[in-house]
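From first to last, the protein sequence lines stand for chains Y and Z. Heads up, the first sequence is in the working numbering, so the first residue is 166 and it goes up one at a time. Heads up, the second sequence is in the working numbering, so the first residue is 70 and it goes up one at a time.
Since the hints were derived computationally from the structure, they do not count as laboratory data. Some clues are possibly wrong.
[Stated by the list, open to error] Derived contacts from chain Z toward chain Y, CB cut-off under 8 Å, selection only:
id : residue
1  : M108
2  : D115
3  : Q168
4  : A232
5  : T235
6  : N237
7  : V240
8  : D243
9  : S246
10 : T258
11 : Y262
12 : R275
13 : V374
If you're wondering where the values come from, they're calculated on a predicted model, not measured in any experiment. From the three backbone atoms N, C-alpha and C, an ideal C-beta is built for every residue, glycine too.
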Amino acid sequence: MKKKIVIPALLAVSMGSSWATGVADAKWTHGYSGQSAYQRTGSCAYGDRAGGEYVQALHDGMVGNNLADTGTVYRDNQSWSSDLTGSFADSKQFFAFAGHGLDANAIGNGKGAASHFYTLNSSTQFHSSHSDDAANAQWDEIRWGSNGLRWATMYQCNFLRNLGSTANDTKILNMFKGMRLMMGFASIMYLDSREGGRYAARIGAGWTLKDSFFDAAAYYQPALKYGETNPTGKVIARVVGPTSLGGDKWDSSTGAGLSFNGSNASSFTTWTKEITINP
Amino acid sequence: MKKLIISATALGVLAFAGYSLSVEGKSEEKLPELFIPGMGQSVANDFKLSLESMDSSELPEKQQVYKFKKFNITLEDARKKAAQFDPSFEKAAPKQNAQLNSYSFENETVLVEIEKDTGKMYYQDKTYPSEVAKNIPSDEEAVASAEEFLEKFGWLPETFEPAGVTANTIVPGDVNSETEAGDYVSTKTVHFYQKIDQLPVLGVSRIMVEVGDNGQIVSARKYHKEVEAFTSYGLKSVREAAQDLQTSKGVHNISEDAKNVVLDKVELAYYEDPARLDQQPYLQPVYVFEGTYDYEGKKVSFSGVVPAVSSGSIKAMDADVPPAVSYKEKEGK
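Please model the complete structure; the sequences and the hints are all you need to start from.
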């Protein structure tokens with residue numbers, strides 16, 4: 166499925182500082198990895214989504230709102246699982262992934278929820294199976310913060326969903342090695358690239374990252390008339406991080422947050438908002 | 070003189086023809102393709118459908134399309150609206166956000182934001198603490214508080230009704246964030262959705278009111294656009310819409326590896342896209358399918374949503390614009 170979307174990338178750059186009507190004057194380092202061409206390029210049966218367009222819109226918004234200078238955006242064939250599991254994401258202060266997401270039980274290897282890629286850490290080799298190791302960046306493979314990542318946004322389904330398991334909550338916290346906040350969803354969600362622009366605009370206007378993420382979801386995530394089957398269609402947005410950092414915004418410290426060590430879980434918090442219901 | 074009469078007659082004929090074309094043109098105007106975003110989770114992408122048990126005899130051949138109102142809210146208008154929440158905003162100089170196309174009035178206690186074109190509004194009580202509530206209202210009490218607030222400020226059109234209440238939670242990291250979240254409610258959100266012509270409006274046509282301790286209104290989002298009647302458009306056949314569902318031109322929640330997918334029911338609804346008015350000026354009808362499929366030995370129900378206006382009345386979206394930022398080569402990886 167190809168969802169054609171008009172991406173305001175060129176427009177965004179051309180507008181440049183005219184966006185800068187907010188308050189931000191941060192210069193974070195930032196990086197992005199997003200996939201759209203799952204099916205049309207990677208023959209992935211999950212279908213094309215607007216992941217690449219979302220990270221581009223978010224990047225452009227971050228630049229346009231004086232939150233960062235031009236950063237690195239890996240899209241489609243250049244977007245690899247090693248962007249998350251290797252050094253790329255952790256070398257930036259602000260990172261986002263957008264694309265398909267698999268819940269903690271989907272792959273069945275015990276390594277948790279995954280960001281899914283059609284690439285196999287290569288711009289020319291694509292997966293033959295959804296469960297190919299190199300096609301998924303999973304909880305147990307992600308450790309962020311020891312080298313610089315402070316705020317991560319996972320614009321995909323299910324990355325912050327524990328499926329009722331406390332062990333999965335621990336796996337989520339295990340990713341915190343200095344990262345301050347992780348934004349994501351505890352449910353299905355819908356990929357709309359425009360949401361990235363609003364998220365950046367809110368951060369640029371001085372909102373907390375947490376509330377910026379929630380507000381962008383409230384503005385763009387659609388309510389659909391689904392039944393009570395799984396997935397139900399309800400969209401649940403979630404932010405996880407050290408309790409004291411829930412108010413992080415553009416001028417917050419870029420110092421390391423709390424590192425999870427297995428015994429300090431009570432110093433972390435999970436903030437959750439149900440964005441849509443079945444009308 | 071004769072030439073003048075002939076010229077005037079010709080002009081009159083041309084003017085009448087132009088007028089006729091413009092009137093006729095209203096019903097011929099092609100609508101922008103309705104964008105419904107795809108789910109970030111795997112769903113069936115290749116499946117066969119059975120329509121034999123579905124009754125679509127009561128569906129109309131045409132359906133009203135609505136146009137979103139454009140308000141062009143001035144600074145003075147915005148000040149009056151904002152002053153409803155804090156009188157000091159009557160003479161305030163709001164921030165104007167070019168990207169969000171909005172006025173933003175803010176002081177130490179209140180934030181009010183108004184979109185210039187659509188009239189969408191956001192309200193926030195900035196004094197409310199981000200913590201677990203001590204006396205969170207029941208769902209019924211939350212609805213009552215929300216309705217009282219919306220009616221006070223004229224935010225509750227007759228077409229809207231409360232559609233559900235959900236809990237927002239702040240859960241400590243040593244507590245299960247899902248199974249025990251009910252003990253850590255910070256606020257409740259009352260969700261309002263609307264019906265137009267008795268049909269539900271899906272998408273983002275909503276009002277969300279966040280209610281906190283003792284019924285305090287924490288925030289309110291009037292994130293729907295207002296509409297006015299436009300004209301009727303012919304609808305695609307149900308069979309064509311079902312094919313669209315199969316080829317993922319809409320959205321559904323049919324699992325991968327689904328077998329024996331059967332459509333049982335189809336209804337009409339409307340779908341509001343959050344696009345800017347110049348990108349999607351219309352509220353368009355959609356088909357909502359319901360059915361069942363076999364999955365791992367169980368019968369599972371599903372739903373699907375497909376744009377309903379006849380394909381011949383739709384203009385395709387523009388092609389993707391190339392990214393402005395070139396990819397950096399992944400050297401050394």
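query = What are the numbers of the hints the structure violates, in ascending order?
reply = Failing hints: none at all.
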